[in-house]
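Peer 1: Here's the letter readout for the chains.
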Amino acid sequence: MDCSLVRTLVHRYCAGEENWVDSRTIYVGHREPPPGAEAYIPQRYPDNRIVSSKYTFWNFIPKNLFEQFRRVANFYFLIIFLVQLIIDTPTSPVTSGLPLFFVITVTAIKQGYEDWLRHKADNAMNQCPVHFIQHGKLVRKQSRKLRVGDIVMVKEDETFPCDLIFLSSNRGDGTCHVTTASLDGESSHKTHYAVQDTKGFHTEEDIGGLHATIECEQPQPDLYKFVGRINVYSDLNDPVVRPLGSENLLLRGATLKNTEKIFGVAIYTGMETKMALNYQSKSQKRSAVEKSMNAFLIVYLCILISKALINTVLKYVWQSEPFRDEPWYNQKTESERQRNLFLRAFTDFLAFMVLFNYIIPVSMYVTVEMQKFLGSYFITWDEDMFDEETGEGPLVNTSDLNEELGQVEYIFTDKTGTLTENNMEFKECCIEGHVYVPHVICNGQVLPESSGIDMIDSSPSVNGREREELFFRALCLCHTVQVKDNDSVDGPRKSPDGGTSCVYISSSPDEVALVEGVQRLGFTYLRLKDSYMELLNRENHVERFELLEILSFDSVRRRMSVIVKSATGEIYLFCKGADSSIFPRVIEGKVDQIRARVERNAVEGLRTLCVAYKRLIQEEYEGICKLLQAAKVALQDREKKLAEAYEQIEKDLILLGATAVEDRLQEKAADTIEALQKAGIKVWVLTGDKMETAAATCYACKLFRRNTQLLELTTKRIEEQSLHDVLFELSKTVLRHSGSLTRDNFSGLSADMQDYGLIIDGAALSLIMKPREDGSSSNYRELFLEICRSCSAVLCCRMAPLQKAQIVKLIKFSKEHPITLAVGDGANDVSMILEAHVGIGVIGKEGRQAARNSDYAIPKFKHLKKMLLVHGHFYYIRISELVQYFFYKTLYDTAYLTLYNISFTSLPILLYSLMEQHIGIDVLKRDPTLYRDVAKNALLRWRVFIYWTLLGLFDALVFFFGAYFMFENTTVTSNGQIFGNWTFGTLVFTVMVFTVTLKLALDTHYWTWINHFVIWGSLLFYVVFSLLWGGVIWPFLNYQRMYYVFIQMLSSGPAWLAIVLLVTISLLPDVLKKVLCRQLWPTATERVQQNGCAQPRDRDSEFTPLASLQSPGYQSTCPSAAWYSSRSQQVTLAAWKGKVSVEPPPALSGSRHHCSSSPSHSCPGSRVQLLV
Amino acid sequence: MTWSATARGAHQPDNTAFTQQRLPAWQPLLSASIALPLFFCAGLAFIGLGLGLYYSSNGIKELEYDYTGDSGTGNCSVCAAAGQGRAPPPPCSCAWYFSLPELFQGPVYLYYELTNFYQNNRRYSVSRDDAQLSGLPSALRHPVNECAPYQFSAAGLPIAPCGAIANSLFNDSFSLWHQRLPGGLYVEVPLDRSGIAWWTDYHVKFRNPPLVNGSLALAFQGTAPPPNWRRPVYELSPDPNNTGFINQDFVVWMRTAALPTFRKLYARIRQGNYSAGLPRGAYRVNITYNYPVRAFGGHKLLIFSSISWMGGKNPFLGIAYLVVGSLCILTGFVMLIVYIRYQDQDDDYEE
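Taken in order, these protein sequences are the chains called G and U. Its first residue numbered 1, the first sequence is counted upward by one per residue in this note's numbering. Its first residue numbered 1, the second sequence is counted upward by one per residue in this note's numbering.
This is chain G alone, in the form it adopts within the complex:
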């Protein structure tokens, strides 16, 4: 298996050079070819097992340990631990070994559990039963036992277990219908064709007797490409050779529809199926917070190393005088004296490293892990994200990325099933300016709706009536819908009153919706029989039309036509298509009225189609026939000639009307998108769907607004101009506004701003992404990125799954390294979900592939809003505080170390990081702009980090020198006894614990009883622990240096005073900074907190956090903000700019003033309601 995998890989890398580097030969049903046929080299293929798990039972421990120690911090602690084991250091190895062991174990257990879940899922899939043909008999086996060459039988609604060559179906014409919804997102039915020579084999025996070989290319990930050939041997004749294309290939993951059963032969199995190749391997995702954490760690590491170095040097300088190096009272052992100086210096260096290694907090990782793990439960528990219909709540697959949800700048969303429900519905039609809505049918009578359109009169004239019926007939006839044959022959013949018993199937869901809609308006399409189309009109008469020609749909013409002959002998051409392709061909009809209606519908996000007709006389028809015939038989340029013929035929039409079909959006999708955009997130839609459809959806969900100027970058345009020109032209258009854009970009919503929407299709994208010959591919990409960045919304259509991932990657690695989020529901979105920083799966109808591979799974798209705006925000705040706090609190921790970090101060911050809500959930939901406050990793920037570090340093100095001066040359007890160095350490330590805990208390904005309990509890715990620790002689310790130290210390008055003093001094700057900042430069979030209620913010919220720094004048007048000058100049500048634009309307001022001046900061909820 491995061997062939390597081959596949090699093949894949060479594939670019030659298309047919390697091929595989498959003996259908494992029957050897007759002698005399070419001798093939037998190949080994993988079995049909799908493996998504990372570990096996055997390699778990080594592999997991290896992975874990690849993490810098873990590796570092391992080194420290080893150093401690080897050399004589001030601290025992246990102090660093124990936490490390704990971290590793916890992580391993977590990962092991996750992998076990994956194993279970894989097993479920690998063990589902599959029907085989073996020696002409049907056998059931587990899916994983499937081999290349096996003949498989698949029944209706089953998914294909591997990639199959379609041999035969129970349908006579050797076709079957397939939906590839979980592969590429298209839920329409596609027709596949059986191999010509085998389509007659309907029974197991027949197919078991088939003697054939298949030659085909080695697996490759392109879903739409397949090349191969089949040799069918019969007893007498020479083998028949047939070419095989992608129309003969049934892909794993696709579902068989509308066909009872098919037979196929497996050619690609297991990890070689196209679906598996389209899969990206799951790589560990790291969040931005973790990245900054690592950066901080590296800084601290540098500090640590330099500190150790300096200390080593200082030590030797200090020791250079012999009486210091070895005073008589402290002599060295013989071995110590003899040790090499260099070696000694090195061990000293290591010892210092170990001594100071506590500035790198080992317990931070444990705490962060725990915080994430426990924190993810709040997402799972969230009732607002529970979907009643499906009974599903959100799932959290990776808890590592909670805080990343608060950082998202780009959202890539799938359309089908994510934004929309993938459920087409006929909304209305407009005939000659009258609007008909199928919902208002009373007793089969159509009532024209009186909305907006001026009616000529309520009862249409005879002429009008005729047109109306013609329109309905046109809709009934002009399509390629097939009626599913129900078991009972008379099924479709039931009267329309008896309900719709017939099921329509089509490659386009719109057509189905139309036909069903027309059915509700009284005309029912019955079936196509012997090239006669039968339909049931309002009077329940069956009308028969002879279908003469179908001018099928293509995406260039964007229309289709049928030519039918009515029972009365009249020949009609009905044409249906996009408005842009119909209107230019119309010579008659109420164009203006219909156009107005169409445009209105388009803006509402409905998919519109226009219907026109033309009456043909016999001669004309014969001319057309000839034209078409000539084009169809042409050997060269057939496509082109056909297109020309169509062009000639479809002209001089008479406009009948327009239809509107709604692709139902998911609940609140538009609302969500709007909120997200307001939060400063760019939303991209990536879909495999057609451009028109996708664009309509974008309008519907308010991604494109009425005033959005659309820029198209499509294959069609590129054909007209060169890619180069198009790109440059677009960039010029966009960048013309760039001056104003960059500033307005923040606010995003200012009404007068021109926003742009970009539409790009897959082919154009691959052109852009394709490296040019001279290798300067980046040129186009840069340009493209530039354009994209200036657009408020981007729509990418006709995307292959891997292309989606490509786009995500492109953005991910662009200059600013934005955080990306991908959301999708189908298997086609998996690669995109895996690629993005955060992948979210919608637990949809199209299988759970996406949900399983995602980091988070939500039942509906609308839940994204709460997920990002509330949970993301919280987690980000929580984790950033957590990280900073850890760096802060460990700065001066060289006294007693392990216990401190783990037990005294970890729990409160952990709880804090779980409970903190600096601002209400409702407020966050209402005011998405607050999201911008935390965007771009704002709380973990270097400035903030330095602030915390300096604060820690300051506190450390205060503690040490405070205690130093306290103890200098004096006694602090009333009995004159002297304290030793352990008392000194204990004092420092006590002050530290109190400061650190109180600092946390200062930062806590949300005091639940749990917070109270934990914060005060941890202080209490510290005291009790110290009393216990010092109060008893612990027999298991071989030193008793802490004995009674703490109690002795408490017996001294000055010690108490010193504790109070030092804690106050340490906290003072932070309090000062907080108060001043809040007063002088409040962020949007703080303003909301200040007011306790959100109401006046609704206006202000449109301004950026920078612009809302309102009182720039105070920067200079504030003398105590010395450290604050570090706040960059840029802020000041922006603040000045912001001042101009910040003008809330006077109406709000009263209430706001009231709010901010009242000392109580929580407005009662009722008042909020009132004011809002």
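Calculated directly from the structure, the hints in this document are not laboratory data. Misleading hints may appear alongside valid ones.
With a cut-off of at most 25 Å between alpha-carbon atoms, the simulated SDA-like pairs for lysine to any residue come out as follows [unchecked claim]:
{"id": "1", "chain 1": "G", "residue 1": "K1074", "chain 2": "U", "residue 2": "L36"}
{"id": "2", "chain 1": "G", "residue 1": "K1074", "chain 2": "U", "residue 2": "L330"}
{"id": "3", "chain 1": "G", "residue 1": "K1074", "chain 2": "G", "residue 2": "S292"}
{"id": "4", "chain 1": "U", "residue 1": "K61", "chain 2": "U", "residue 2": "P107"}
{"id": "5", "chain 1": "G", "residue 1": "K332", "chain 2": "U", "residue 2": "L157"}
{"id": "6", "chain 1": "G", "residue 1": "K332", "chain 2": "U", "residue 2": "A224"}
{"id": "7", "chain 1": "G", "residue 1": "K1074", "chain 2": "U", "residue 2": "Y342"}
{"id": "8", "chain 1": "G", "residue 1": "K1074", "chain 2": "U", "residue 2": "G74"}
{"id": "9", "chain 1": "G", "residue 1": "K1073", "chain 2": "U", "residue 2": "L38"}
{"id": "10", "chain 1": "G", "residue 1": "K1074", "chain 2": "U", "residue 2": "I34"}
{"id": "11", "chain 1": "G", "residue 1": "K590", "chain 2": "G", "residue 2": "R600"}
{"id": "12", "chain 1": "G", "residue 1": "K332", "chain 2": "U", "residue 2": "P149"}
{"id": "13", "chain 1": "G", "residue 1": "K315", "chain 2": "U", "residue 2": "T115"}
{"id": "14", "chain 1": "G", "residue 1": "K190", "chain 2": "G", "residue 2": "V483"}
{"id": "15", "chain 1": "G", "residue 1": "K261", "chain 2": "G", "residue 2": "Q482"}
{"id": "16", "chain 1": "G", "residue 1": "K137", "chain 2": "G", "residue 2": "G149"}
{"id": "17", "chain 1": "G", "residue 1": "K1073", "chain 2": "U", "residue 2": "A45"}
{"id": "18", "chain 1": "G", "residue 1": "K291", "chain 2": "G", "residue 2": "F102"}
{"id": "19", "chain 1": "G", "residue 1": "K427", "chain 2": "G", "residue 2": "R538"}
{"id": "20", "chain 1": "G", "residue 1": "K137", "chain 2": "G", "residue 2": "H30"}
{"id": "21", "chain 1": "U", "residue 1": "K61", "chain 2": "G", "residue 2": "S292"}
{"id": "22", "chain 1": "G", "residue 1": "K307", "chain 2": "U", "residue 2": "N121"}
{"id": "23", "chain 1": "G", "residue 1": "K332", "chain 2": "U", "residue 2": "I34"}
{"id": "24", "chain 1": "G", "residue 1": "K1073", "chain 2": "U", "residue 2": "F333"}
{"id": "25", "chain 1": "G", "residue 1": "K315", "chain 2": "U", "residue 2": "N121"}
{"id": "26", "chain 1": "G", "residue 1": "K1074", "chain 2": "U", "residue 2": "T115"}
{"id": "27", "chain 1": "G", "residue 1": "K1074", "chain 2": "U", "residue 2": "L157"}
{"id": "28", "chain 1": "G", "residue 1": "K332", "chain 2": "U", "residue 2": "Y342"}
{"id": "29", "chain 1": "G", "residue 1": "K315", "chain 2": "U", "residue 2": "P149"}
{"id": "30", "chain 1": "G", "residue 1": "K1074", "chain 2": "U", "residue 2": "C41"}
{"id": "31", "chain 1": "G", "residue 1": "K1073", "chain 2": "U", "residue 2": "L330"}
{"id": "32", "chain 1": "G", "residue 1": "K1073", "chain 2": "U", "residue 2": "S33"}
{"id": "33", "chain 1": "G", "residue 1": "K332", "chain 2": "U", "residue 2": "V251"}
{"id": "34", "chain 1": "G", "residue 1": "K1073", "chain 2": "U", "residue 2": "T115"}
{"id": "35", "chain 1": "G", "residue 1": "K590", "chain 2": "G", "residue 2": "G464"}
Given the coordinates of chain G, assemble chain U onto it according to the supplied hints.
Peer 2: What follows is chain U alone, placed relative to chain G:
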């Protein structure tokens, strides 16, 4: 490929305040209106405390004398010169004369101070065996490795008490003499040498090994005294309650100091006529000069100090309180100004 079975069943989440993150909470905000009064109150309280501390520290008297014996600084220089470069230095005694013009308010404590002595050196401070010192017989014979090079004597006997700290025990001794009348006799002032160590150290942490045949000396048989000691540990004092590991001087010494300049309590003066303090008159301190400090550039000092409720003389705490208090008030004023002007502007801007 479809995902057939879900691992986690669909379950309706609990609707509790905790899971929905809706626990009732107090949401305090650090705004100026809270912080301002806080600052002023804290400032005032601190200044008050600071003043109290400052004055109480100023009321404490200290009298100190450097008897290291640098050349020409007194009669101890002879001893210093005699001990120069010799290990162990020969016994030598010298004296310090001083007179008190008025009563030195008691109770008076006698301290010795060493400078430049790094008791906080790590190798030094771990060089002890707490198990041995708590009287464990097995530990007596097998001192821990940290004690090296004072673990075993040259003869291979275990050292008791082992380690560098014990070895470097301060072995100067002092006696105080009072001359009531000029030219009169010097009367010895009783020095209370008990109760100078922590009660817990003396009573719990330090224990002698169990006596063998009623004799402490036998209990220590088979061990060697630290190399610098002139007497074995069981002969530190004739008083059986003050010898061996529970010798108070030893216990005090074993509580290592935090800083290289440190004081240790030598005795308390609180008996007889001297319970109220040292009356005026001339005094002499007889010093047995044994301890060499010049080798490491250190000094030895002798200090008489009175004690208040807050301990010895230490103006730092009072000053620090004063400074912090005034800082609080100062920043309070700054914030007040900022606050008022900000309010103004806020109003302007809203109108």
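Peer 1: Now tell me, hint by hint, if it's right for this structure.
Peer 2: Hint check:
| no. | hint | verdict |
| --- | --- | --- |
| 1 | K1074/G to L36/U | holds (13 Å) |
| 2 | K1074/G to L330/U | holds (17 Å) |
| 3 | K1074/G to S292/G | holds (23 Å) |
| 4 | K61/U to P107/U | holds (11 Å) |
| 5 | K332/G to L157/U | holds (19 Å) |
| 6 | K332/G to A224/U | holds (19 Å) |
| 7 | K1074/G to Y342/U | holds (15 Å) |
| 8 | K1074/G to G74/U | violated (59 Å) |
| 9 | K1073/G to L38/U | holds (15 Å) |
| 10 | K1074/G to I34/U | holds (12 Å) |
| 11 | K590/G to R600/G | holds (16 Å) |
| 12 | K332/G to P149/U | holds (6 Å) |
| 13 | K315/G to T115/U | holds (19 Å) |
| 14 | K190/G to V483/G | holds (15 Å) |
| 15 | K261/G to Q482/G | holds (18 Å) |
| 16 | K137/G to G149/G | holds (16 Å) |
| 17 | K1073/G to A45/U | holds (22 Å) |
| 18 | K291/G to F102/G | holds (22 Å) |
| 19 | K427/G to R538/G | holds (20 Å) |
| 20 | K137/G to H30/G | holds (14 Å) |
| 21 | K61/U to S292/G | violated (56 Å) |
| 22 | K307/G to N121/U | holds (19 Å) |
| 23 | K332/G to I34/U | violated (59 Å) |
| 24 | K1073/G to F333/U | holds (15 Å) |
| 25 | K315/G to N121/U | holds (12 Å) |
| 26 | K1074/G to T115/U | violated (44 Å) |
| 27 | K1074/G to L157/U | violated (64 Å) |
| 28 | K332/G to Y342/U | violated (66 Å) |
| 29 | K315/G to P149/U | holds (21 Å) |
| 30 | K1074/G to C41/U | holds (19 Å) |
| 31 | K1073/G to L330/U | holds (15 Å) |
| 32 | K1073/G to S33/U | holds (15 Å) |
| 33 | K332/G to V251/U | holds (24 Å) |
| 34 | K1073/G to T115/U | violated (41 Å) |
| 35 | K590/G to G464/G | holds (12 Å) |
In terms of the numbered hints stated before, the structure departs from hints 8, 21, 23, 26, 27, 28, 34, listed from lowest to highest.
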